[in-house]
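K.L.:
Here is what each chain is made of, one letter per residue.
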Amino acid sequence: MRERTIFDSLAWMALLLGALLSTAGFVLAFTTAPMVKGVDLQVFAQIGGVHVDYQLLFSQKIFYFHMPVAITSFIALLFTAIYSIIFLVKKDPKYDLRARIATEIALVFVLMTMASGMLWERYEWGVWWTWEPRLTTYFILTLMVIAYFILRRALDDPERRATYAAVFGVIAAVNAPISFLITRIIPTRTHPVIFRTDSGLPPDMLLPLLLSMFGILMVAFGIYRFRLREQRLRLQLEDLKAQLED
Amino acid sequence: MTDTVAIAPDIHLALAIQAEGLGKSFGSRKALDNVSFELPEQAFLSIFGHNGAGKTTLLRVLSTLARPSAGKVEVLGLDVREKPEELRSRIGLISHRSMLYPDLTAEENLLFTARMYGVQNPKARVSELLELVELTARRHDPVRGFSRGMTQRIAIARALVPDPALLFLDEPYSGLDPHAVEILDRLLERLRFGKNLVMISHDLNHGFALATHLLVLAQGKVALFTERDELDVRSFREFYRNSVGAGGI
Amino acid sequence: MAELTIVRPSAFKQFRVLLGKELRQEFRTREMLTSMGIYALLVLVIFGAALSQAAQGFDILQVSGGLIWALIVFTSLLGLNRSFSSEKEEAALEGILLMPMDRSLIFLSKATSNLIFLLLVELISLPLFYFFFLTISSPAPSFWMASLPLLVGSIGIAGVGTLLATITSNARGKDVLLALLFIPIIYPLLHAVVAATTVVVVGGDNLVGTFATSLALAGGYDVVMLALSWFLYEFVISN
Amino acid sequence: MDPILSEIYQTVLGAAPYVIIAYALMWMILLVYVLIMVFSLKKTEKQMAALTEELRLRQKG
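Protein chains in written order, with the working numbering: chain D, 1 to 246; chain Y, 1001 to 1249; chain F, 2001 to 2239; chain H, 3001 to 3061.
Hints are computed from structural coordinates only; laboratory data are not their basis. Heads up, a few of these hints could be off.
What the hints assert, rightly or not - Below, computed lysine-lysine pairings styled on DSS-like, alpha-carbon distance capped at 30 Å:
#: 1; chain 1: Y; residue 1: Lys1083; chain 2: D; residue 2: Lys90
#: 2; chain 1: H; residue 1: Lys3043; chain 2: Y; residue 2: Lys1030
#: 3; chain 1: Y; residue 1: Lys1030; chain 2: F; residue 2: Lys2088
#: 4; chain 1: Y; residue 1: Lys1030; chain 2: D; residue 2: Lys241
#: 5; chain 1: F; residue 1: Lys2088; chain 2: F; residue 2: Lys2174
#: 6; chain 1: H; residue 1: Lys3060; chain 2: Y; residue 2: Lys1221
#: 7; chain 1: Y; residue 1: Lys1030; chain 2: Y; residue 2: Lys1221
Said to hold, decoys possible - Listed below are several chain Y residues computed to face chain F (Cβ distance under 10 Å; list not exhaustive):
#: 8; residue: Ser1089
#: 9; residue: Arg1097
#: 10; residue: Met1099
#: 11; residue: Phe1112
#: 12; residue: Glu1128
#: 13; residue: Leu1130
#: 14; residue: His1140
#: 15; residue: Pro1142
#: 16; residue: Ala1155
To be verified - Which bits of chain H does chain D cover? Going by a derived footprint, with three or more residues having C-beta under 8 Å, they are:
#: 17; segment: 3023-3031
#: 18; segment: 3041-3055
All values derive from a computational prediction rather than experimental measurement. Glycine residues also receive a C-beta, built at the ideal position from the N, C-alpha and C atoms.
For reference, chain D alone in the conformation it holds in the complex:
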C-alpha cells in the first residue's frame, strides 16, 4: 500500500475550505456586490440612497463563477503539460496518471465554462453560438481535451499510450493560448458585441470574485487528489489481479 502523503490529508481540508469559500463568494455575489451598469436611462430613481439612472445587469452575476472556473480549467491544462513533460523525461507512469487526471479536471471545468458562458451569451447577445475569440478558443480546447481521451483509448500498449498522450497534451496546452491570440488579433468580420468586462472592480465585487476564485481552485485541487487516490487504488487492484493470475 502506498503511504498517505501530506497532500491526501490536505485534500479534505482543501475541499471543505473550497466549498465554504465558493459558497461565501456565491452568497456575496448576490447580496452585497452591486449590479453592473447597463444602458443609460433618461429617468432616475434613488435606490438605497444611490442615484441610479441606468439599467442594472443581473446577467453579469454569472461571471462570479464563470471566470474562476475558466481560469481553473486553464491551470488544470497547464498541469497536464507540466506532468506530460516530466513524464517524457522520466518515463515514470505515475506522472502519466497525474497528467491524465489533470486533463480530466480540465475537461470538467472547460465544460462548466462553456455551459455558463453560453447561457450568458444567449441572454446578452441573443445567440447560442458565435465565433467570438474566447468562445472559439474554449471550443477548440474542449475538442482537444476530448481528443486526448479518445487518443488514449485508441492505443493498447501502455507505454506508447502514455507517451503519445503526453506529446499531444503538450501540443494542446501550447495551442490553446496561440488559438486565443490569433482569434483575438484577427477578428472575424461580423463581430457582434464587445465584451463588457469592467476593468478595476470595486471592492464589493472583487471580494466575492476572489472568494470564489480561491474556493473553486481549492475544490479543483481536492477533487484532483481524490481522483488520484482512487485511480491509484484501481491500479493496485489491477496489479493484484495480474499477480493472482500468474
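Model the placement of chains Y, F and H on the given structure of chain D, informed by the hints.
P.N.:
Frame of chain D; chains Y, F and H shown alone:
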C-alpha cells in the same frame, strides 16, 4: 571484408554482449527483470521462451530499438544507452517482417539502405548482396510481387548491407516454405563465421542445432543461460518442459 | 568479396536519401497524389452543389478564401493518413530506426515530402477552383499574393500533420483519430491563413495591414509548432 | 411597481432564469464528475475487499 568504422586498438572485444541486471519495465509491468548474461565473441545465441516471456523485448533492447529502464547492457563493447548510434552501424536485424518498401524494387530497397549507412560504391555492394541471396535476376522487380521466401532473402541482404558484426534474428523462419528454410539455413551457415548471431526461435530443435549458447526466458527472467555443449537436446527439452511448460515445443 | 568501405554520411545527405525514397515511392505508384487529386475534385463538386442555391448577387469572393482552405485541409488529411502506410506495411520504419542517424531527419523528410505532395495537389486543384467558381466574379488584382498564405499554411499543415500522423499510424481507428487531433490543433493557423487569403482575393482598404498581420501570425504559428513537433518527434518515434 | 424602477430592473427578471440555469449547470457538471468518482471508488474498494479475502483463503489453504 573490412570496415573503416575505426575501433581503438586498446579496446579488446572479448564479449559480444554483456548484460547486467537488465530490466525493462513500465510501472509494475516488468517485460524484462534482472536479466544478466555474458556472450563471448563468435557465438550463436538462441533465445527461447513463451509468447510474452520477453524475448522480443530483449532483442529490441539489445538492438537499440527500445531503451532499458534498469541495468547496464553493452553490445560489442558499446553501451546501448550511451552510444546507440555507434552501435547501430555495427548491427543488423532480420525479423519476420521484411522492413522493405513493397513498391520499390529489390535493388532500390538495398540501395536506399546502403546510402543511408554510408556505404561507398553502393551499387557494387548491392550487386554483391543480390548475388549472395541468389536474386540478381529479380533485382528490378518491385518487392510487392515477391514470394514470402524471396522477400525474406532480400530482407537478409538488407540486414547485411553494412556488414554488421552482430546480427539479430527475430523468428526469421516463420512463414517460410521448406525451400526458403533451406536457403536461410545455408545463408546462416555461411554467415556465422566471423559474426555474432542472436536468434529468437520457436523451434526448439532448430534453435538448438544452430546455437553455441542457449538462453531461456520465463516471465522476463533468465530461466537458463548455458553453452549448448553442456546439454544434449533431450535434456534441454526436458528442462524446457519442466521450467517453462509444455508449450512451444 | 569486394572491399567494403563505410563512411558515415552527413545529415543532409541522409535527408536527401530519405526524401528521395519518399518521392520515388510516390511517383512509382502515384497512389497518394491520385487519391488526393480526385478527392479535391470531388470536394469542388460538393462546393458546386452547396453554392447552387446562392442568390444571384451573392459575392463568392467573400467565402472563397474559406472554401479554398476547407479544400486543402480535407485533402491534406487524406494524404497525411496515407503517409505512414508504406512504413507500417512491412515495418520499414524499424529498419530506419536501426540506422545510424539523427532521428529528427525522419520528421524532416516526411514533412518535406508531405509538403511537396500537398503543394502539387494545390497546383492542380486551385486553378480548377478558379475555373469553377471565380471566372464570373472578378478577384482583386492582388489575388496572386494568396500564394504566400498558401505556402505558409501548407508548411504548418505538413509539419504538425506529420507528427500527428505518426501518432495515429500506431492507433486503432486512425483515420477519424487523425482528423480529431489535427483539426483543433490546426485551427489557429487556419483562422490566420483564411483571413490572409480572403483579404487579398477580395481586396479593400486595409488590405496590407490585415494581410501582414495574418501572415505574420500564421508564420509565428509555423515557427512555434514546427519547433515543438521537431522536439517532440524523438519521443513519438522511439519507444 | 414604480415604472422607473421597473425600467431600471428591466433586465433582472429576464436574466434571472439564465443566471439560475448557468449556476445549476455548473454545479451539476461538477456533481456528475464527483459521483462518477465516488461510484468508481466504491467499486474498486469492493473488488479490493474480495481480492484480499481470496488471498487470505489461499494462504490458509
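K.L.:
Hints first: check each against the structure and report whether it holds.
P.N.:
We went through each hint and held it up to the structure:
1. Y/Lys1083 <-> D/Lys90: Judged against 30 Å, a Cα distance of about 19 Å means the pair holds.
2. H/Lys3043 <-> Y/Lys1030: holds (27 Å)
3. Y/Lys1030 <-> F/Lys2088: It holds: about 26 Å lies between the C-alpha atoms, which stays within 30 Å.
4. Y/Lys1030 <-> D/Lys241: holds (15 Å)
5. F/Lys2088 <-> F/Lys2174: holds (13 Å)
6. H/Lys3060 <-> Y/Lys1221: holds (29 Å)
7. Y/Lys1030 <-> Y/Lys1221: holds (9 Å)
8. Ser1089: Check passed: Cβ of Y/Ser1089 comes within 4 Å of chain F, closer than 10 Å.
9. Arg1097: holds (4 Å)
10. Met1099: holds (3 Å)
11. Phe1112: holds (5 Å)
12. Glu1128: It holds, given that the least Cβ distance between Y/Glu1128 and chain F is near 6 Å, below 10 Å.
13. Leu1130: violated (13 Å)
14. His1140: violated (12 Å)
15. Pro1142: Y/Pro1142 check passes; min Cβ-Cβ to chain F is 8 Å, inside 10 Å.
16. Ala1155: holds (8 Å)
17. 3023-3031: With 5 residues close enough to chain D, the hint holds.
18. 3041-3055: holds (count 8)
Consistency with the previously given hints fails for numbers 13 and 14, ordered from lowest to highest.
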